[in-house]
Amino acid sequence: GAVVSQHPSWVICKSGTSVKIECRSLDFQATTMFWYRQFPKQSLMLMATSNEGSKATYEQGVEKDKFLINHASLTLSTLTVTSAHPEDSSFYICSARDFGLYNSPLHFGNGTRLTVT
Amino acid sequence: QQQVKQSPQSLIVQKGGIPIINCAYENTAFDYFPWYQQFPGKGPALLIAIRPDVSEKKEGRFTISFNKSAKQFSLHIMDSQPGDSATYFCAASRASGTYKYIFGTGTRLKVLA
Numbered sequence: 001g002a003v004v005s006q007h008p009s010w011v012i013c014k015s016g017t018s019v020k021i022e023c024r025s026l027d028f029q030a031t032t033m034f035w036y037r038q039f040p041k042q043s044l045m046l047m048a049t050s051n052e053g054s055k056a057t058y059e060q061g062v063e064k065d066k067f068l069i070n071h072a073s074l075t076l077s078t079l080t081v082t083s084a085h086p087e088d089s090s091f092y093i094c095s096a097r098d099f100g101l102y103n104s105p106l107h108f109g110n111g112t113r114l115t116v117t
Numbered sequence: 001q002q003q004v005k006q007s008p009q010s011l012i013v014q015k016g017g018i019p020i021i022n023c024a025y026e027n028t029a030f031d032y033f034p035w036y037q038q039f040p041g042k043g044p045a046l047l048i049a050i051r052p053d054v055s056e057k058k059e060g061r062f063t064i065s066f067n068k069s070a071k072q073f074s075l076h077i078m079d080s081q082p083g084d085s086a087t088y089f090c091a092a093s094r095a096s097g098t099y100k101y102i103f104g105t106g107t108r109l110k111v112l113a
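As you go down the protein sequences, you meet chains A and B in turn.
Using this note's numbering, you'd call the opening residue of the first sequence number 1 and step up by one each time.
Using this note's numbering, you'd call the opening residue of the second sequence number 1 and step up by one each time.
Note that these hints are calculated values from the structure, not bench results.
In this text the structure is predicted, and so the values were computed from the model without any measurement.
Beta carbons are placed, not taken as given, at the ideal position from N, Cα and C, and that holds for glycine.
Wrong hints could be hidden among the right ones.
Cβ-to-Cβ under 7 Å is the rule here; a few derived chain A residues that face chain B [what the hints assert, rightly or not]:
1) GLY100
2) LEU101
3) PRO105
4) PHE108
5) GLY109
6) ASN110
Straight-line Cα separation of at most 25 Å, BS3-like style, residue types lysine-lysine; simulated pairs [unchecked claim]:
7) LYS41(A) - LYS68(B)
8) LYS57(B) - LYS41(A)
9) LYS100(B) - LYS15(B)
10) LYS66(A) - LYS68(B)
11) LYS55(A) - LYS57(B)
12) LYS100(B) - LYS57(B)
13) LYS68(B) - LYS15(B)
14) LYS20(A) - LYS64(A)
15) LYS66(A) - LYS20(A)
16) LYS110(B) - LYS20(A)
17) LYS100(B) - LYS66(A)
18) LYS58(B) - LYS15(B)
19) LYS42(B) - LYS14(A)
20) LYS58(B) - LYS64(A)
21) LYS110(B) - LYS57(B)
22) LYS68(B) - LYS110(B)
23) LYS5(B) - LYS110(B)
24) LYS64(A) - LYS57(B)
25) LYS5(B) - LYS57(B)
26) LYS55(A) - LYS14(A)
27) LYS42(B) - LYS71(B)
28) LYS68(B) - LYS58(B)
29) LYS64(A) - LYS100(B)
30) LYS15(B) - LYS71(B)
31) LYS5(B) - LYS71(B)
32) LYS57(B) - LYS68(B)
33) LYS100(B) - LYS20(A)
34) LYS110(B) - LYS100(B)
35) LYS100(B) - LYS5(B)
Residues from chain B that face chain A, not an exhaustive set, calculated with beta carbons under 10 Å [said to hold, decoys possible]:
36) LEU46
37) THR87
38) LYS110
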């Protein structure tokens, strides 16, 4: 089945630095990927929709200058948390669908645990 | 109209019991209803999904029941095991296009040995 790989699985950074998280679709082309944020014991909050070759679409309340998304190829999307602060500490998860396949479900990466000190 | 309401928030059952998790949606344009299972520190994994043209779907010990007129669907886990202890999320979306998923708030299931 479709596999979505996310890297790194965890990262600790100092306040003020930037962190990049990669999301790859391993066996299918993903023209669209989705980035979620999840707080402990809470649901998945959609942050943005990443579109290959064009600008990402951000959900209301998500700072586009804080969370930079680049979808440069059909298999890779990156999320960069810029000037990270402790309140950005969270679990970030990417997901993708194989839109070339009708009825293809959304597959998730294993998430990245970001801790900002 | 975009909400998916999920209940209960948490659930504890004995091994072998049949936990039932319920979801309700509002947008009648939704035509795809998946369930995801998430273990701590991991991303959600697709468990089972249903389209509104059927009222029930079974895959192994997992069953989705779907009531189109009530705009409700539920997950049943037969012969539950301690390894089923996880958080379960329902979602609603459209099967085609780039429509985003709307997730429920999640149900934390604990199956006692």
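Tested hints:
Hint status for GLY100(A) relative to chain B: violated, with the closest Cβ pair at about 12 Å, above 7 Å. At a threshold of 7 Å, the smallest CB-CB gap from LEU101(A) to chain B is about 11 Å, leaving the interface hint violated. Here the hint on PRO105(A) is kept, as its CB sits about 5 Å from the closest CB of chain B, short of 7 Å. Here the hint on PHE108(A) is kept, as its CB sits about 4 Å from the closest CB of chain B, short of 7 Å.
Contact between GLY109(A) and chain B, as hinted, is supported at the beta carbon level, the nearest pair being about 5 Å apart and thus within 7 Å. Hint status for ASN110(A): holds, given a least beta-carbon distance of 5 Å to chain B, under 7 Å. Distance check on the hinted pair: LYS41(A) and LYS68(B) sit about 29 Å apart at the alpha-carbon level, beyond 25 Å; violated. Distance check on the hinted pair: LYS57(B) and LYS41(A) sit about 28 Å apart at the alpha-carbon level, beyond 25 Å; violated.
Between LYS100(B) and LYS15(B), the direct Cα distance comes to roughly 35 Å. Violation of the 25 Å bound is thereby established for this hinted pair. At most 25 Å may separate the alpha-carbon atoms for a hinted pair to count; LYS66(A) and LYS68(B) exceed this at roughly 41 Å. For the hint pairing LYS55(A) with LYS57(B), the CA-to-CA distance comes to about 38 Å; that exceeds 25 Å, so the pair is violated. In summary, the hint linking LYS100(B) to LYS57(B) is supported, as the alpha carbons are separated by about 23 Å, within the 25 Å threshold.
The suggested pairing of LYS68(B) with LYS15(B) is violated, with an alpha-carbon distance near 31 Å, which exceeds 25 Å. The straight-line distance between the Cα atoms of LYS20(A) and LYS64(A) is roughly 14 Å, inside the 25 Å bound, and the hint therefore holds. The hinted pair formed by LYS66(A) and LYS20(A) meets the criterion: a straight-line CA distance of about 12 Å does not exceed 25 Å. Proposed proximity of LYS110(B) and LYS20(A) is contradicted: the alpha carbons are some 35 Å apart, above 25 Å.
For the given pair, LYS100(B) sits about 22 Å from LYS66(A) by alpha-carbon distance, which is consistent with the 25 Å threshold. Taken as a hint, the LYS58(B) and LYS15(B) pair is honoured in the structure, with Cα atoms around 20 Å apart against an allowance of 25 Å. Among the hinted pairs, LYS42(B) with LYS14(A) is consistent with the structure: their alpha-carbon atoms are about 24 Å apart, no more than 25 Å. With a C-alpha separation of about 41 Å, the suggested pairing of LYS58(B) with LYS64(A) is violated against the 25 Å cut-off.
The straight-line distance between the Cα atoms of LYS110(B) and LYS57(B) is roughly 23 Å, inside the 25 Å bound, and the hint therefore holds. About 29 Å separates the Cα atoms of LYS68(B) and LYS110(B), which puts this hinted pair outside 25 Å; it is violated. Taking the CA atoms of LYS5(B) and LYS110(B), the gap is near 20 Å; set against the 25 Å cutoff, the hint holds. Simply put, LYS64(A) and LYS57(B) have alpha-carbon atoms about 40 Å apart, too far for the 25 Å limit, and the pair is violated.
The hinted pair formed by LYS5(B) and LYS57(B) meets the criterion: a straight-line CA distance of about 21 Å does not exceed 25 Å. For the hint pairing LYS55(A) with LYS14(A), the CA-to-CA distance comes to about 28 Å; that exceeds 25 Å, so the pair is violated. Between LYS42(B) and LYS71(B) the CA atoms are separated by roughly 30 Å; this puts the pair beyond 25 Å, and the hint is violated. Distance check on the hinted pair: LYS68(B) and LYS58(B) sit about 17 Å apart at the alpha-carbon level, within 25 Å; holds.
Proximity of LYS64(A) to LYS100(B) is assessed by CA-CA distance (about 18 Å); at most 25 Å being required, the pair is judged to hold. Using a Cα cut-off of 25 Å, the hinted pair LYS15(B) and LYS71(B) is violated, with the two alpha carbons roughly 30 Å apart. For the proposed pair LYS5(B) and LYS71(B), the alpha carbon gap of about 11 Å is at most 25 Å, so the pair holds. For the proposed pair LYS57(B) and LYS68(B), the alpha carbon gap of about 14 Å is at most 25 Å, so the pair holds.
Between LYS100(B) and LYS20(A) the alpha-carbon distance is near 23 Å, which keeps this suggested pair within the 25 Å criterion. At most 25 Å may separate the alpha-carbon atoms for a hinted pair to count; LYS110(B) and LYS100(B) exceed this at roughly 29 Å. Under the criterion of a C-alpha separation no larger than 25 Å, the hint pairing LYS100(B) with LYS5(B) is consistent with the structure, at around 16 Å. Interface hint status for LEU46(B): upheld, as the beta-carbon distance to the closest one in chain A is roughly 5 Å, under 10 Å.
Restraint check, THR87(B) versus chain A: the minimum CB separation of about 8 Å is within 10 Å; hint holds. Given the 10 Å rule on beta carbons, the hint for LYS110(B) is violated: about 13 Å separates it from the nearest Cβ of chain A.
In summary, the numbered hints that this structure violates are 1, 2, 7, 8, 9, 10, 11, 13, 16, 20, 22, 24, 26, 27, 30, 34 and 38.
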